[in-house]
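So the protein sequences, as listed, match chains A and B. For the first sequence, my numbering gives the first residue as 7, with consecutive numbering after it. For the second sequence, my numbering gives the first residue as 7, with consecutive numbering after it.
None of these hints come from the bench; they were simulated from the model. Remember, it's a predicted structure, so these values are computed and weren't measured experimentally. Keep in mind that the hints are not guaranteed to be accurate.
If several chains are the same, the list does not tell them apart, and a pair holds so long as it fits within one copy or across any two.
[Stated by the list, open to error] Only pairs whose alpha carbons sit at most 25 angstroms apart, straight line, appear in this in silico BS3-like list of lysine-lysine:
| no. | residue 1 | residue 2 |
| --- | --- | --- |
| 1 | 81 | 230 |
| 2 | 165 | 152 |
| 3 | 23 | 213 |
| 4 | 213 | 230 |
| 5 | 118 | 148 |
| 6 | 104 | 81 |
There are 2 protein chains.
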Amino acid sequence: MYVVKASGEREEFRPEKLMRSLIRAGASRELAAQIAGEVAREIWQGITTREILRIALEKLRERGEEALMLRYDLKRSIMNLGPSGYPFEKFIAVLLKKYGFKTRTNVVLEGKCVSQEVDVVAERDGLTYMVECKFHNRGGIKTDLKVAMYTYARFLDLKRYFDRAWLICNTKCTLEAIRYCKCVGIRNTSWAYPRGRWSLESLIERKGLYPVTILRSLDEEEKKLALSAGIVTVEDVVTGGVETLLSAGIGRRAAVAAVREGNLISKLSKSC
Amino acid sequence: MYVVKASGEREEFRPEKLMRSLIRAGASRELAAQIAGEVAREIWQGITTREILRIALEKLRERGEEALMLRYDLKRSIMNLGPSGYPFEKFIAVLLKKYGFKTRTNVVLEGKCVSQEVDVVAERDGLTYMVECKFHNRGGIKTDLKVAMYTYARFLDLKRYFDRAWLICNTKCTLEAIRYCKCVGIRNTSWAYPRGRWSLESLIERKGLYPVTILRSLDEEEKKLALSAGIVTVEDVVTGGVETLLSAGIGRRAAVAAVREGNLISKLSKSC
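Just chain A, with the same shape it has in the complex (with noise of 0.2 angstroms):
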């Protein structure tokens, strides 16, 4: 039984990997194997993954798993951080400060050639990093070489103000951008990369700090207002109130239902 993936590329359907990334997502070993033993009775050939999400969602939504549900769907609601990819790098900065670092956003700096935009600065234990946030609106594009390859030349540029290159992407990265990373020295992450506690997801999960873009209480429209005043995380949702999103232009009903939803997750993502 094969599957088809974001990209178009076919895959083997492995009731394992569905299991891992529901267990990460919080659930127990046994929800999880539940969950996936049903699941591959119900796929057909050819199911896409986002069907089989899908599908995956709407048993833990049988089981009054909501919060669980809303955390699964993490690599979506950063898909929809778009169009633009400036709420990423807002995000970025926040789930770098959680690490301890210090962060600063949109920063101009007289390269030895030309004028360059970071999207931002990171520091720590005297280190200084140049951040390149790579945004992808859709599944199924890989960050490539060549972004890793601007970004190198990037840091080249601005040498005297940084000691390392890093660059995050939300989506995977090729093979070649992976391996050309390590080569140069930028360090890197991607969606599944590195592999285990380092990668964007376990970033994200490890702090339990998820974009506002994953509350189902807002539509399409008022996830767009939260974005563009400012409203990021569910975490700036809950500390904020139902006030901010008041005045981000946000009707009341769905404002004290996003509160509402934000305080569930926070406390599920603090429980695990």
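Given the structure of chain A, go ahead and fit chain B onto it with the hints provided.
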């Protein structure tokens, strides 16, 4: 009276500019002045440069200056080498040969970090150039800093094979990209740059080397057939003759017309 450029920018209509480009395409000073004068009387506020081109071409056609008209259409014919960048790379390789370079296209080389594809390798006077061809198939897009930066990073990765990097684009470059290239020592040839004899269009016009897509006797489909058969220049059509076009799958009538038109263009380009 302002005109709207392909990029969407506005600019004052300047008849000298139209005259210069007509002269560059081979018109006498008198003819160019006449046409520019007539065009100036017929245009309107907010007219697009494309529309101005159409009017000027029409005036050339009325005067029986068919070949000149064809040559005038150079920029668009290069755009039509797309959608893929490969015919443009091939065209550039042929162009560089005309200037005494030894060339190879699409060479894969093992860099210090990763394996890299070089569009054109060009050698002359004991120097080897890594040529990066950047092709856009729409007007109004400038080649930007990122392209210049990844070209430089690619050059650094392949440094042991090459003496210099060379970026050749069919569009204009941004000012930043030009400044960056100068600063890191990348040779840059693009539309209207460097000013005078060494811009892309001057290099092409001085050798009378026109892309096959300039021929009006072939329709879109026939041009595609020609390109995929490796017939990239008008010279290929003239040298190969009707037979070559037939074996590319083009009908006899169109093939005969194309060869006749190709001969016309070649004669004109030699006479001026």
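Item to check | Index of numbered hints that the structure contradicts, given in increasing order | outcome: none
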